[in-house]
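*Asks:* Please dock the two separately framed chains into a single complex, following the hints provided.
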Amino acid sequence: MTAADWAALRFTVMQAALSAALSCVFAIPLARALARRRFRGRDIIVTVLGAPFILPVIVAVMGLLAVFGNNGLVNKVLSFLGLPLISIYGLTGVLIAHMFFNIPLVARMVLQGWGAIPAERLRLAETLGLRGWARFRVLEWPMLQSIVPSACGIVFVICLSSFAVALTLGGGPKATTIELAIYQAFRFDFDLGKAAMLALVQFGLAGLAAIVTVSMSAKDPFARGLDRHLTTFKFGLGAAFFDGVILILISAFLGMPIFLVVAQGVWGIPDLPVSVWWAAVRSVIVATASTVLCLGLALALARRWGEIIGSAGIAVSPLVLGAGLFLMIRPFANPFDMALVVTIILNALLSLPFVLRILRPHAESIRVDYLRLAQAMNLNSAAWVRWVLIPRLRQPIGFAAGLAAALSMGDLGVIVLFGTSDHATLPLKLYQLMGAYRMEDASAVAVVLLLLSLAVFWICDLWGKRHADL
Amino acid sequence: MKHFTLAAGLLVATQALAETPVLSVYAPDYFTSEWGPGPSIEAAFEQTCACDLRFSAGDLLPRLMLEGPSTDADIVIGLNTDVTKKARSTGLFAPHGQNNTDLDLPIAWTDDVFLPFDWSYVSFIYNDTTVTTPLNSFEDLTKLPDGQKIVIQDPRSSISGLALVLWVKAVYGDKAADFWARLAPHILTVTKGWSEAYGLFTDGEADVVLSFNTSPAYHIVAEGDATKKAAIFDEGHYAYFELVAKVAGTDQPELADQFMAFVMSDAFQSLIPMTNWSYPAAQPASQWPAAFADLPAPAKAVFHDENTAADLRDIAIEEWRTALSQ
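In the order they appear, the protein sequences are chains A and B.
Following the working numbering, the numbering of the first sequence begins with 1 at its first residue and continues without gaps.
Following the working numbering, the numbering of the second sequence begins with 1001 at its first residue and continues without gaps.
No lab work stands behind these hints: they were computed from the structure.
Note that beta-carbon positions come from the ideal geometry of N, C-alpha and C, so glycine has one too.
There's no promise every hint is true.
Said to hold, decoys possible - Take a look, some chain B residues computed to stay more than 10 Å from chain A by CB distance:
hint: 1; residue: P1106
hint: 2; residue: I1107
hint: 3; residue: D1128
hint: 4; residue: D1140
hint: 5; residue: K1175
hint: 6; residue: P1253
hint: 7; residue: D1257
hint: 8; residue: L1271
hint: 9; residue: Q1287
hint: 10; residue: P1289
hint: 11; residue: A1297
hint: 12; residue: D1305
hint: 13; residue: N1307
As the list claims (entries may be wrong) - Cβ pair distances, simulated, as ranges:
hint: 14; chain 1: A; residue 1: P273; chain 2: B; residue 2: P1284; range: 28 to 36 Å
hint: 15; chain 1: A; residue 1: V262; chain 2: B; residue 2: S1325; range: 34 to 42 Å
hint: 16; chain 1: B; residue 1: P1145; chain 2: A; residue 2: V138; range: 57 to 65 Å
hint: 17; chain 1: A; residue 1: A17; chain 2: B; residue 2: A1222; range: 41 to 49 Å
hint: 18; chain 1: A; residue 1: L81; chain 2: B; residue 2: K1300; range: 42 to 50 Å
hint: 19; chain 1: B; residue 1: P1145; chain 2: A; residue 2: G255; range: 29 to 37 Å
hint: 20; chain 1: A; residue 1: D191; chain 2: B; residue 2: D1225; range: 36 to 44 Å
hint: 21; chain 1: A; residue 1: R303; chain 2: B; residue 2: S1325; range: 40 to 48 Å
hint: 22; chain 1: A; residue 1: F136; chain 2: B; residue 2: D1128; range: 57 to 65 Å
hint: 23; chain 1: B; residue 1: D1251; chain 2: A; residue 2: P273; range: 29 to 37 Å
Stated by the list, open to error - Straight-line alpha carbon distances no greater than 25 Å define the calculated SDA-like cross-link-like pairs of lysine to any residue that follow:
hint: 24; chain 1: B; residue 1: K1086; chain 2: B; residue 2: T1308
hint: 25; chain 1: B; residue 1: K1085; chain 2: A; residue 2: R187
hint: 26; chain 1: A; residue 1: K76; chain 2: B; residue 2: D1146
hint: 27; chain 1: B; residue 1: K1086; chain 2: B; residue 2: D1311
hint: 28; chain 1: A; residue 1: K194; chain 2: B; residue 2: M1065
Okay, chain B solo, but in the shape it has when bound (with noise of 0.2 Å):
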């Protein structure tokens, strides 16, 4: 009687245990890593869900676009704006399924594919100890002294370095390859990503460092740091959000739209700024930290849609490129 029921005990246990469902989810890095928002995002929702959700990160597009319909993943997130046209061509994605007017956004937002779970704005970082002329505008760049040099990240290889020639293109339209020419002597450097370019910031290689508005946040809480300033320009900001998408041949459909319907949450989006050093997409602003709320922001959000900025990309590119390599 006794092994009979262990026998069944156990029977019982790893039929439960085979039955836990698995929600996977694709992030990027950063996302993932225990430094990021992705190990508390797991442990909230896994109290509700009763299932396992598992990060796998690497990066998103290319490894979506390799394995084609039979990937395994049910949920992606930190896609950005700029990638979204040629994410929805894969034709993966589902809708949301969410309600567009729940967000908090400073444009609004239409897209029904892909949500918005956390956003800033792209804008440069100076140090307020070196930098004393006052950074108000594009044009202010130009004015920098000579000692004193901005660092960029290369768009051909940064999602961040992106968005700043779609600004640039934003604000001065066909005037942007003047512009780019008069900005040139003042870059130090470019670089491959956006780390390497924060930490010759850090370093002080560089006194201006293109990053997000909400940079500094970072630097006030971890480190008690008031020094780093964002610069807000007069002509607005480009909006950077990251989007978060449903898999259309999820195998955990209901799993997927609770995970959905949980990013908009106040359990998720109240984990975003300590973690992702971002607003959250879903919150008005009364409810976040007072770091974030008190943080300058700008007065005006720039934004380019997905076709036109996938229609600017290339020309926007190639007008920078020229510029930078007289």
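Chain A with its partners taken away, still in its complex shape (with noise of 0.2 Å):
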């Protein structure tokens, strides 16, 4: 490894350390906030959290910068007061990139959490009267530790293998990461022993994160509840202005770029070609068959040492993953005949950890809550599955389903290395599309793609919390 890999290597794990640390920070009050106030529009705020995760890389950076950068509304408001400009590009634009992809999850996943505190818990801490301090010892403290550590963990292997972000909003190579010198590795130099050595790097980084993250998070901290629900909190003066500040502050953040994308591309869906909406067609279709593989995985790995396998979805750099399927593949079949199957094996693999990250606390609750019970029962395993883990896990499978279609609607980086121009999906035909020079036409396939996906979100959320309350 030169210089130039080790300063890589070191900005790599600080940026990706940093951003895990802040989104958590930012998240946690955010959800509280949800978890504890009732308004009209929350159940809308709830589900658009899962937006700035799906937005696919480019279209993201580009609303951060309408928002935030040189020429963006931020900058034009302090030149109207007269006040001195801001300029993100370095690290601070690295860190509220990766926040605002980030926040969101955090956010859902710890109100999952919130979700699952039994109502008799919350209503002893009711008549306790504890408030407060107090009142976050008791629930919010254990409920935090099973869930944070693993949120912290997916965000840190997340940024981990950050590329584009990093470098457009870093300012330059300074802002190099890991999954950069692979790529050039790969692509450039096609050096493979080079990038197979960095990747193994990035690989061990994030097994290392899985399995001090998850060894971190706490056991089932409540007992069992009967699943009654409790939907008022009683709380001060102070706690409600504090909710109310950081959920109009967080929302603007995370609003406001996604606005200004719809805003600059929703004209042009008129002029869109036909092809765009038969690539539309097959994202869904591929969206689908990777959601129903990654469930089927996730459901069987949802235990402490399957998360810490199934990180390795994101742990190996998607290049690699590719490459290493292209010359699996080669010796039987041609691999670009069968880039669709291809992209639906990677993207189940990449959507798997989050997945996991989302089912296994709640797994895990589940099975020392009623395994005894149903081992008593003699139940066996398919009765198990569907009596008591499906129906019980319903809504983070919701939630987790709705994020793996999203994830994998959004995605460009598999199709890429695979994709031909007969089969392309809608990522690959806004890039095409940007690729010659048709800007605004890439900015009205990115509003269709962020429409489509947050739809697709929408559907498998609303699944999830039926019968459910979150």
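*Replies:* See below:
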């Protein structure tokens, strides 16, 4: 490894750790605010919290720059007010982008944790008159202990393999990550040995993070409840104010870039060629297939060691995975004919870590709560899965399936390696348009992609939320 | 009798269908997309060849190196001169068989294996409504006012970024590192590829972008927008050629030769400007569309042959990286 590679490694780890920490710091109060307040539009916010994560990276970056960039909204307001302008290019930009992607993910996971606290505990806390710090210590802290390490771990691993975002918003080669080195080694130098070595380093780091965070997360902190739900909380004016501020600030931070992306692109939608709509159909089919595959794998792996193994999906660079699959398929068939199948498999693998992170804590609680009873009743595995596991996991499954489907829809990385124009999916069409100078059409396709991904996410989430209270 | 005729007819039909030869062309993504030159080239070639031309999109060199001699490709189109050394070392390519003197390029072309089909000059594109300082040389870039920034591509991940770094090395030689240090404060950011950089430019985030001197032609022709101009430097511009080559192990040698001859023909060359937004390599400027002939062009072309490019690459990238990492 050269000096440049070591610098890249240092930067990669630093920005990933900072991004993970900051995302959790902001997501926890957001989740608390959403958990204890009920207001009109809350459901929309909770669903749309899935949006930033599912945008293709290039679209999200453009949206963020439309707000925070040198020519962006914030700077326009600042110059109108006569204040000095800001420039986010640098570590700040990288952290902002990573927070934009990950705060919603962590917030949803923590919110799910809130939903898993049995109502009996909440009522008991009310009866005992627990407020503030005591309430936090008894209710929230144990819940956070089981959810946050996993969430932090996965944000760390996601940011570890960040490439285009880090480079563009980082302002230059200071912000080089290992993924860029892998990309260069593979696509430019075709030095497979170096690419593999760097990918192993990245994998090692991610594996370490996975092991540390999974072992830190507590087992089921609360005993099982009777599944009644509580919707009224009592809290003071100070808490209400704090919640309001957090909700407004973070909603604005997450919502403005998305709003600007939509506002810029929506006008071009009627002019889009038919091939784009066919690509949309193909994207949805691929997303559905990969989600089903992913869920199947996840339910089998929903244990601690399974979560660590499952993290391999994002710990290994997609380039390396793709190249490996290419080499494996080649003796038997033309890999480019199997582009869609390979995409489905790779997308399932790439979504697996997220799905596992979301499902595992809940699956573990279910096992702790009900396994003994199931064994006493002599329930076999199929019955266990059908009658106990899946119904109780319905809500996290809905969220996880939505996330996996939306991730698959927005995935560009894999299809670019194997893509052919005949079987193009929506992100590939987006990239082709950008490469042909057609930026307005590209914006329009970005909006279609965003709306379609959101729709897919919302449908899965809705399925999960029926009969449940989130 | 009727059934016999039907059966015979079907048999002949399937045989005919089975016998349409397939020419497999590997090309980059932008080439095969419906907005690139691929579809029109396919239509034009299939009219004369009685064959089926099939494009296969994807990364060219990594894919060829993974596939090795058992590759399905008959033709590879879309390589550029900075990677020809590595491509040649694979031993997969055969001489193109065309006449280099028929090409109309700013430099004399001597390569017998890789044939250029289009070209342009690497140049900075600026928005003339916001950038008022004259940009006639590299030094002028360092004199841009504070509020106006340049966006470039990373030479480690983008072929145009690599061309820039080699261009600077050709112009400045040993003083390249010093130039990069002086230009660094004016660089807004570095992107992974051309698309991201050009998107930042069209969004107004950057006022100057690294692209090709033929980029304004798209805006003039397709958008009626004449505000985006190429900065023409006195030191000369790096010439960027896109190449086509025949694969040695092709199973369709006559078709492949026919395609290579087709590339040099007017039928192919006149499709290039309006679909690939570059200058055609085998047509004199008098035959180009007005929008291209009228584009400002540099007086001098700068070029590294493939061996120099390969030797300078790592040094040039490292100088660039160190200067911009301060």
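*Asks:* Now tell me if each hint is right for this structure.
*Replies:* Hints, one by one, checked against the model:
1. P1106: 24 Å, holds
2. I1107: Answer for I1107 (chain B): holds, closest chain A Cβ roughly 24 Å.
3. D1128: 17 Å, holds
4. D1140: 21 Å, holds
5. K1175: Nearest chain A Cβ is 20 Å from K1175 (chain B), so the label holds.
6. P1253: The assertion about P1253 (chain B) holds, with a minimum of 21 Å to chain A.
7. D1257: The claim holds: D1257 (chain B) sits with its nearest Cβ about 24 Å from chain A, beyond 10 Å.
8. L1271: 15 Å, holds
9. Q1287: Nearest chain A Cβ is 23 Å from Q1287 (chain B), so the label holds.
10. P1289: Given that every Cβ of chain A is farther than 10 Å from that of P1289 (chain B), nearest at about 16 Å, it holds.
11. A1297: Non-interface label stands for A1297 (chain B): nearest chain A Cβ at 19 Å, farther than 10 Å.
12. D1305: 19 Å, holds
13. N1307: Label holds. Min Cβ-Cβ 17 Å, cutoff 10 Å.
14. A:P273 <-> B:P1284: 28 to 36 Å: With a Cβ separation near 34 Å, P273 (chain A) and P1284 (chain B) satisfy 28 to 36 Å, so the hint holds.
15. A:V262 <-> B:S1325: 34 to 42 Å: 36 Å, holds
16. B:P1145 <-> A:V138: 57 to 65 Å: 60 Å, holds
17. A:A17 <-> B:A1222: 41 to 49 Å: At roughly 46 Å between Cβ atoms, A1222 (chain B) and A17 (chain A) fall inside 41 to 49 Å, so the hint holds.
18. A:L81 <-> B:K1300: 42 to 50 Å: Holds - the Cβ-Cβ distance for L81 (chain A) and K1300 (chain B), about 48 Å, lies within 42 to 50 Å.
19. B:P1145 <-> A:G255: 29 to 37 Å: Since the Cβ atoms of P1145 (chain B) and G255 (chain A) sit about 34 Å apart, the hinted range of 29 to 37 Å holds.
20. A:D191 <-> B:D1225: 36 to 44 Å: Given range 36 to 44 Å: holds, Cβ gap about 42 Å.
21. A:R303 <-> B:S1325: 40 to 48 Å: 44 Å, holds
22. A:F136 <-> B:D1128: 57 to 65 Å: 59 Å, holds
23. B:D1251 <-> A:P273: 29 to 37 Å: 34 Å, holds
24. B:K1086 <-> B:T1308: Between K1086 (chain B) and T1308 (chain B) the Cα gap is close to 13 Å, so the pair holds against 25 Å.
25. B:K1085 <-> A:R187: 15 Å, holds
26. A:K76 <-> B:D1146: 17 Å, holds
27. B:K1086 <-> B:D1311: 12 Å, holds
28. A:K194 <-> B:M1065: With a Cα-Cα distance of about 15 Å, the restraint between K194 (chain A) and M1065 (chain B) holds, given a limit of 25 Å.
In this structure, every one of the numbered hints holds.
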